[in-house]
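Here the protein sequences come in this chain order: A and B. Taking the numbering used here, the leading residue of the first sequence gets 1, the next gets one more, and so forth. Taking the numbering used here, the leading residue of the second sequence gets 476, the next gets one more, and so forth.
It is worth saying that the hints were derived from the structure and are not from the lab. All residues carry an ideal CB built from backbone N, CA and C; glycine is no exception. Certain hints may be false.
Stated by the list, open to error - A few chain B positions that, by computed beta-carbon distances, are all more than 10 Å from chain A: (1) Ser564; (2) Gly589; (3) Ile597; (4) Val618; (5) Leu621; (6) Gln646.
Said to hold, decoys possible - If you anchor each label on the Cβ, the simulated ranges turn out as follows: (7) Thr75/A x Glu590/B: 33 to 41 Å; (8) Asp326/A x Asn610/B: 57 to 65 Å; (9) Asp650/B x Leu204/A: 45 to 53 Å; (10) Thr169/A x Asn610/B: 18 to 26 Å; (11) Val234/A x Glu590/B: 49 to 57 Å; (12) Asn610/B x Glu302/A: 50 to 58 Å; (13) Ala490/B x Gly298/A: 46 to 54 Å.
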Amino acid sequence: MYPGNPATAVEPSRTRSRSNTEPYTAPHTASWAEGLAALRARQQRTANTALAAVGLVGGVALGLTFQAIWPLGSTLADLLWAASVLAAVVGTYGVLILLVLIARLPVLERAIGQDRLVVAHKRIAPWALSLVAAHVVLVVASYARTAVVSWWSELWSLNTTTPWILPATAGLAALVLAGLTSWRHARSRMRHETWWTIHLYTYLGIALAFAHQITAGGPFMTGWARALWVALYVATFGSILWFRVLVPLRRSWRHDLRVAAVVRETPDMVSVLVSGRNLRALGVQPGQFFNWRFLHPGLRYEAHPYSLSGLPRQGMMRLTVKALGDASTALADVPVGTRVLVEGPYGATTPVRVRGSRVVLVAAGAGIAPIRTLVDTLGAHLPVDVIYRASNPQDLALAQELRGLARPNRVRVHLMAGSRTTYPLTADHLYSLVGPLSDADVFVCGPESLNQLVERSARELGADPDRIHHEEFNL
Amino acid sequence: MSTIKSGAIVAATLAGVAGVLVLNPTTEVAPAAATGLVSPSDASGATTDPTVTTGSDDEDDTTSDDSDDTAASATTAPSTAAAPAATASTATYTGAVYSTPYGPMQVEATIANGEIVDISWISLPADRHSQGINNRAAPQLVVEALAAQSAQVNSISGATYTSAGFKYSLQSILDQVGL
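Let's have the full structure, built from the sequences with the hints guiding it.
Shown next as structure tokens:
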């Protein structure tokens with residue numbers, strides 16, 4: 001995919017992966033950087049084209065809506081009705097965009113990254129849901145006014161007499177439930193599995209609400225407007241089925257992924273080695289992750305995102321996980337031979353993002369996994385500084401391996417075992433390690449607080465904000 | 476990461492809106508006139524629509540099916556014969572379909588001796604919003620057209636589609652009959 005070296009070294013971390021006497025390969029920095037720039041431009045162009053198409057279709061839907069409600073009626077009931085149709089169309093298009101954002105479309109995943117797509121999903125969701133809810137209130141108010149009945153009796157009669165309204169009401173209930181449980185306060189109080197299951201029902205909810213959109217009224221009842229609306233739903237649900245279900249299943253099946261070994265790295269971190277056929281064909285780039293589903297009791301229900309700490313090599317790849325939740329804790333006991341299903345590879349925090357002439361990689365805790373895979377590739381072309389912090393020496397996973405990657409004047413490894421007060425990663429502290437950052441790309445992977453701290457420090461040291469890269473793991 | 480060109484997305488959206496509004500593809504009528512006009516209804520009790528009772532001065536109209544039957548049986552000519560011949564007797568004609576975003580609109584009219592004696596809606600959108608509008612507008616258009624003996628009635632405010640559909644469908648009948 002990217003024009004750099006294929007990655008090297010997936011080996012148990014207790015062994016040195018390379019000897020320090022290995023001859024130093026001269027980097028082809030110029031052509032490498034040009035290749036990256038061209039690839040980056042292509043990815044961004046296709047992503048922008050796709051998003052412009054989403055905008056164009058949305059504009060057509062909006063135009064059809066204007067036509068349907070124009071000319072505006074003179075009574076309040078007419079105006080309420082027009083507003084309700086507008087809210088319904090914009091809100092529902094927003095809901096479809098929410099689906100597109102999490103449909104794992106390669107064109108968006110590559111250029112934007114799943115983390116930012118999910119952030120956009122979370123930002124848009126409240127607006128889309130509010131508009132759909134407003135549609136219900138407005139349409140009930142309008143009809144109740146026309147029929148001179150109470151809102152409740154109008155709501156009741158709409159649901160009982162107009163075809164497909166009752167399923168739509170049930171669908172909205174599913175969406176609202178998913179929205180409420182995604183609210184930060186609610187979500188922090190429930191198991192991730194529960195939240196995820198509730199979210200699954202939104203697919204059903206959105207499907208249930210579909211029929212009334214082309215039968216009960218509004219701009220999409222006849223002709224090509226109706227065909228367009230149906231096609232939108234087919235395309236959206238089709239891409240989810242294709243990219244989230246069929247492609248991952250086919251990939252997992254074809255590569256026959258299985259647990260080959262589980263290695264304890266630190267008191268609370270394990271590495272899982274996964275074997276498979278022809279793993280290079282997965283096209284993983286350094287810094288990327290898969291959503292992993294281990295077909296083992298307690299783990300098979302839900303997939304979890306874990307970064308690779310070792311890229312595919314000799315029929316093996318590796319993930320390194322910290323025991324944070326139920327699933328990552330259970331992973332320590334997963335038996336060898338367990339079948340593994342993967343979705344991915346995902347993630348845009350890859351060497352393709354690099355534009356500077358040197359790279360600083362900062363990791364804490366389990367954040368070392370993606371940083372570890374970035375070291376090899378980037379170190380082959382640019383000067384690299386690796387900064388890895390943990391509270392205690394025994395918590396530095398892969399430390400031995402990282403030391404083995406150090407090269408004089410090419411790859412410097414800073415292992416910092418100690419408290420935050422000892423290694424605060426402030427601008428001053430960072431400067432003492434890596435100097436000014438105006439020509440550097442900075443990759444950060446750790447807890448949200450560390451990411452923010454390092455981003456701030458790096459800016460103070462002159463780093464271009466567009467060249468400070470981190471995944472939003474706090475999804 | 477400033478990879479996304481939001482300006483381009485907004486521009487595309489506006490282009491979509493403008494494209495639809497300029498090309499205006501949905502309000503155009505589907506001229507079903509070729510099939511719109513059919514022969515006088517001799518076997519249709521359905522021609523009398525309970526919602527549109529004209530209450531005209533002709534006593535023929537107030538009577539039910541059998542009067543239609545006799546009228547129709549008396550004159551089976553209009554479908555095949557030249558239009559002026561049709562004006563000499565009573566016959567019911569079905570107008571052309573007018574397409575709207577809410578569904579098709581269509582009327583039928585009974586012509587007796589060159590006079591419009593009855594107009595019925597046979598196709599109106601059934602969604603709740605349309606119902607709310609048409610409960611008022613549909614009968615009013617009929618009354619006005621019968622009074623004016625023409626399809627050139629004033630459009631009813633707030634019922635643009637209904638007015639346009641009514642005029643279009645009724646005019647197609649009058650054109651065919653030669654009124």
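Checked against the structure, which of the hints given earlier come out wrong? Structure breaks no hint.
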